[in-house]
Each structure stands twice: as structure tokens, then as C-alpha cells.
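Chemist: Sequence:
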Amino acid sequence: MKNHLLVLLFVNGVFCAGTDKVETLEVMEGEPVTLDTCCVIEIQTKDEIEWRFDGAVIAKNGLMDDTDDGKFTGRLSLNPQTGDLTIRNTRIQHSGLYEAIISSSARTVHMKFNVNVLDALPTKVSETEGSSFTFPHDIADVQKYDLITWIFENTTIAEFNRQRSPSIEYYGDVKDGKFKDRLKMDDQSRALTITDIKSTDSGLYKVQVIVQNQETKTRAYRLSVSASVSPAAYIVPILLILAVVVGGIIFVCKSKQSEHKAVSGNEKEASQEDLRKE
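Taking mature numbering (1 follows the signal peptide of the UniProt record, and there is no 0), I'd label the letters of the sequence shown as residues -16 to -1, 1 to 262.
Calculated directly from the structure, the hints in this document are not laboratory data. Just so you know, even glycine gets a beta-carbon here, dropped at the ideal spot from N, CA and C. Be aware that a few hints might be false.
[Said to hold, decoys possible] In silico DSS-like links for lysine-lysine, alpha-carbon gap of 25 Å or less:
#1 K128 x K190
#2 K182 x K108
#3 K164 x K182
#4 K5 x K96
#5 K168 x K182
#6 K182 x K5
#7 K164 x K128
#8 K164 x K190
#9 K190 x K162
#10 K96 x K55
#11 K44 x K55
#12 K190 x K168
#13 K168 x K108
#14 K55 x K108
#15 K128 x K168
[Said to hold, decoys possible] Computed Cβ-Cβ distance ranges for the label pairs, DEER-style:
#16 D130 x I219: 48 to 58 Å
#17 T184 x E153: 17 to 27 Å
#18 A124 x S186: 38 to 48 Å
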């Protein structure tokens, strides 16, 4: 039997892992996620670390296992020094409860992680040229995050970094200066607004938030900008409709006049015929 010892850290006199706390992690489908044991610094000899997914053992003592349906095949890796578990190329089916049971000669620690793998398909939004548009997001407690980054086609265009500056930084000169003086991140919600939207603003946008360099959340949007229609563009269709309506009215009026003349003529002929008979 192989023996492994897990050397566990005490931080400020307190054992860094709890038995009741469940850490929630969100990741976009296709991105990796690491479940950080936080306090295990080195595996030497004796005892073990066991990882479970929804109750099924997927890793134990450095050996990778899998569920019956093979959903983790080729996706798991274990840090041999800390016991951290990494899931690569995540899919929606990898959402669920992960548990780490860390045993040493001193005590056993039970850690839990609730992983939520989000659909990678971006939310489709549309707007017309010349207007302003604000990207919505449903990230709760956004104020707790240390780094909030808005990205357009893999290039950062706006960022709030709590550790570096109390102010929001804008990078409007990127992408040939296309966003210059047109970006605004809300101080409270961190939602991004683009003013005076142009057709060249169409594309993929992402917002990423990070807290303590561990928890990361991402939302994606596919913006489609259509050309604005000037008021003059409506004049021709309106004139055509008016012409049709007026033409119809004139036609009806002329038809009624013709019918009236025909009836009057018939009545006059009938009267003259009656007089001749008398």
C-alpha cells in the first residue's frame, strides 16, 4: 500500500479549510477551472486526498478515475504538491458538487465546491447606428470583485483593477481608436455603455470578473449593429401610400358620378317615353 502524507498549513493560527463552507465557482464552457485546496502545500508520505463529483470518486491518491458515463475522460489533472484538481475543456455536464476529502495524521478536512459551467454561446443583442447601448449582466455582488474587464474581440477596452487604481481605465485607442471617448463603465453595476454606436462596433464582447485571483465569472454578448434609417427614407413610401389612397378615392368618386349620370339619363328617357304615350 502506498503511503502519502499531506502537510497542511495553519494561517494566522486558523486551519484554512472549513468543513461546512461551499465555494461557488462559475466558468464558461470550454474554459478550465481549478478547485484550490488552499492549504495543502506538499504531499510527502502517508494518508490521502480523494476527489468526488456528485458522490462518485474521480481522483484518489494521485490516480485519476471517471464516472460511469466517462464525462471526465482526459480532462482531469491533479497537482502532486497541493492536491488541487483542474478540469480542462469544461462542459455543461461538469456542473455540480465537487468534494475533496483530505486526510492527514492530524485531522480530516472535507472541502466542497459548487461548479457552475455556463453556456458558451453569447447572448445576441442588436442596436442601430447612432444610438447608445448598455450591455446587461446578471453577476451578483459585482462590487466584491478585484478585477472587472470588458473585452472586444480578445482586446481589453475597459477595466477596473481595485489593486492598481480606484479609477476605471478605458482603452478607447485600441482597435484603431474606434472606441475613443465612447465608453462608460457604471461605477456601481460595472455595466458597459457604448455611445454613438457605429456599424464597426458589431462583434463579440465579454465581461470577466475576478476576486482574489481565484474566482472568475464571464459573460459574452454578440452585438449586431444595423444602419440607421433617416427620416427622408420614409418620405417615398409615405408618398406612394398617399398616392394610392388618393387615387382610390378619385376612382370611387368618378365611379359614383358615372353611375349617377347613368341613372339620371335612364330616368329622363323613361319620363319622355311616358309623355309620348299620353
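Chemist: All hints are to be evaluated individually against the structure, with a verdict given for each.
Modeler: Taking the hints in turn, this is what the structure says about them:
no. : hint                    : result
1   : K128 x K190             : holds (19 Å)
2   : K182 x K108             : holds (17 Å)
3   : K164 x K182             : holds (12 Å)
4   : K5 x K96                : holds (7 Å)
5   : K168 x K182             : holds (16 Å)
6   : K182 x K5               : violated (47 Å)
7   : K164 x K128             : violated (28 Å)
8   : K164 x K190             : holds (18 Å)
9   : K190 x K162             : holds (17 Å)
10  : K96 x K55               : holds (20 Å)
11  : K44 x K55               : holds (17 Å)
12  : K190 x K168             : holds (15 Å)
13  : K168 x K108             : holds (21 Å)
14  : K55 x K108              : violated (29 Å)
15  : K128 x K168             : holds (20 Å)
16  : D130 x I219: 48 to 58 Å : holds (54 Å)
17  : T184 x E153: 17 to 27 Å : holds (22 Å)
18  : A124 x S186: 38 to 48 Å : violated (29 Å)
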